[in-house]
Amino acid sequence: MPTLVYIEEPGDLAQQSLAFARGLGEPLHALTAGQRVEVTGVEHVHHAEGDAFASFAPAAIARAVVEVMGTHSPSAVVASGTPRGNEVLARVAAITDLPLAANCIASTPGDGASVTRTRWGGSLLEEARVHADTLLLTVQPHAVAAEDAAGAAAPVESFTPALRDEDLVVTVRERVGSSAGGVSLAEARVVVSCGRGAGSPEGFGIIEELAGLLGGAVGCSRAVTMAGWRPHTDQVGQTGTKIAPDIYIACGISGATQHMAGCKGAKAILAVNIDPEAPILASADYAVIGDLHEVVPAISAELRKAGTG
Amino acid sequence: MRILTCVKRVPMTGGKIVLSGDEQAIETKHLGFTISPHEECGVEEAVRLIEANGGESVVLTLGPPEAEEQLRDAMALGADRAIHLVTDGNEWDPQATAAAIVEAIRADEAANSPFDLVCFGNESADSGGYQIGIRVAYALGRPVATGLKGVSLDGSSVRCEQEVPGGRDVYVLPLPAVVTVLEGLNLPRYPSVPAKLRAQRKPLDSSSPARPEPRLEKLRLVVPESQGKEAEILGHGPDAAPAVVEVLQRIGVA
Chain A
2 MPTLVYIEEP
12 GDLAQQSLAF
22 ARGLGEPLHA
32 LTAGQRVEVT
42 GVEHVHHAEG
52 DAFASFAPAA
62 IARAVVEVMG
72 THSPSAVVAS
82 GTPRGNEVLA
92 RVAAITDLPL
102 AANCIASTPG
112 DGASVTRTRW
122 GGSLLEEARV
132 HADTLLLTVQ
142 PHAVAAEDAA
152 GAAAPVESFT
162 PALRDEDLVV
172 TVRERVGSSA
182 GGVSLAEARV
192 VVSCGRGAGS
202 PEGFGIIEEL
212 AGLLGGAVGC
222 SRAVTMAGWR
232 PHTDQVGQTG
242 TKIAPDIYIA
252 CGISGATQHM
262 AGCKGAKAIL
272 AVNIDPEAPI
282 LASADYAVIG
292 DLHEVVPAIS
302 AELRKAGTG
Chain B
802 MRILTCVKRV
812 PMTGGKIVLS
822 GDEQAIETKH
832 LGFTISPHEE
842 CGVEEAVRLI
852 EANGGESVVL
862 TLGPPEAEEQ
872 LRDAMALGAD
882 RAIHLVTDGN
892 EWDPQATAAA
902 IVEAIRADEA
912 ANSPFDLVCF
922 GNESADSGGY
932 QIGIRVAYAL
942 GRPVATGLKG
952 VSLDGSSVRC
962 EQEVPGGRDV
972 YVLPLPAVVT
982 VLEGLNLPRY
992 PSVPAKLRAQ
1002 RKPLDSSSPA
1012 RPEPRLEKLR
1022 LVVPESQGKE
1032 AEILGHGPDA
1042 APAVVEVLQR
1052 IGVA
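From first to last, the protein sequence lines are chains A and B.
If you want this note's numbering, it's the 1-based position in the first sequence plus 1.
If you want this note's numbering, it's the 1-based position in the second sequence plus 801.
A portion of the hints provided could be inaccurate.
[Unchecked claim] Ranges of calculated distance between the beta carbons of each label pair, as one might list FRET restraints: (1) GLU39(A) with PRO915(B): 44 to 52 Å; (2) PRO1025(B) with GLU39(A): 42 to 50 Å; (3) SER1007(B) with GLU167(A): 32 to 40 Å; (4) THR829(B) with GLY266(A): 24 to 32 Å; (5) GLU158(A) with GLY815(B): 29 to 37 Å; (6) ARG37(A) with PRO1043(B): 53 to 61 Å.
Hints are computed from structural coordinates only; laboratory data are not their basis.
Quick reminder that beta carbons are idealized off the backbone N, C-alpha and C, glycines included.
The whole structure should be built from the sequences, with the hints applied where relevant.
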């Protein structure tokens, strides 16, 4: 019985899901919907087509997955633990009344399959047993290595799933707005952030200055957005933005698990903190012990002096 | 109109997670508790919608007796009354949780009138299953949109906005509908002291449903090994600036 992998779009996350699914030891089938996506390294691609898939339509995609489950009886159905991957598989779980293990980092298939999944945005792991004939799971992003996309494209079998009226209701009607100007937090190479230690909204002036000199983005802690000092779009953390910069400069950030869940993708962390015992030092690569109100302007001045700012 | 918001009691974990001796839960002896962040925004949104449109805002939780604290917090934000599905403190898996909520919704709707909107957090801060709202929606036969940072009512439909790279995707669902929301949807108010006192007197119905066998069965929790990093101290105070710039240059960002 194959493992069926829902591929939302090509890329690194899709390759991670395929690598994870391959580890379950069964032949791989992929399911795509709407736009054709070339998938390599699988035996078979089931491509759902039809007007319903012109824009993202999670209910219709879930129904297509359930249809393929009916015809091919996969032992497992896998997707990326992205917003869309989790949404589609949760809908599949709701339709089929099967358990769903979200954001897994490991799985042992078989009777009473076991999974290791993330909690608290990855700050805690759960080992769990899944009591079901078909294992539904999503793969925690960036927790497993991606497999190469080498090899020939797999044969594609297109099908038009039988949809119900209610599957056509939940579909993207339009896309509005665009990303704000400036450097996007999620994609910035440098992020400079500050916690409540900034003292006030104006206290972020020195943070903005340093971020500006480095061509980076400004971030902040949850306490700062809850105080209304910065917009939620600046918040780094489990319930904010997940960042992956080359360096994260965290000023006056103590290192609560809620915050660290958002910055563990950083290649390096520099903590500026007055408290040498702050939890963030256990996750940081570099640290400066001192008052951010003195240290941050000094770094900016030094950058100007070095002529690189 | 009537809006139901479902919330979960979660610990405020602080800087380090410590497990209980049996590895089944987080050691919470020294921790406070809160409404899971996405859901707090859900409560605030429901209260604002009822303030603007009239009607009743109800809040529901499935959790231990102590979770009454979070229901009172939600009523201090402005919810009118609460439904408490009381557990013995053991965790319920997502399917069992969703089934109990569905049953409570059906009972409340039979006694009153249908909820126009049922609101969930997109995922809880602790177990993060990403599925309760969706399961409840399918069981009730209502449309659901997830991960929302914008919710607005337009007559008999709800306009839902989801942040995606490059903008916001818009869904329009006919009412009654289910939505799951994210923190950032709004900035929840700080409840006033009179609002907190009023919340103590608002009606709260409780019942104790039986916990079914879990199909996603938690065996144990594990704190991931730390990377064993020891931060290199670049210096103390402003004198450290040259060493910082050296690091930035080495990394190639300055």
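Now the hints, each set against the structure:
{"no.": "1", "hint": "GLU39(A) with PRO915(B): 44 to 52 Å", "result": "holds, 46 Å"}
{"no.": "2", "hint": "PRO1025(B) with GLU39(A): 42 to 50 Å", "result": "violated, 35 Å"}
{"no.": "3", "hint": "SER1007(B) with GLU167(A): 32 to 40 Å", "result": "holds, 33 Å"}
{"no.": "4", "hint": "THR829(B) with GLY266(A): 24 to 32 Å", "result": "holds, 28 Å"}
{"no.": "5", "hint": "GLU158(A) with GLY815(B): 29 to 37 Å", "result": "violated, 52 Å"}
{"no.": "6", "hint": "ARG37(A) with PRO1043(B): 53 to 61 Å", "result": "holds, 54 Å"}
Consistency with the previously given hints fails for numbers 2, 5, ordered from lowest to highest.
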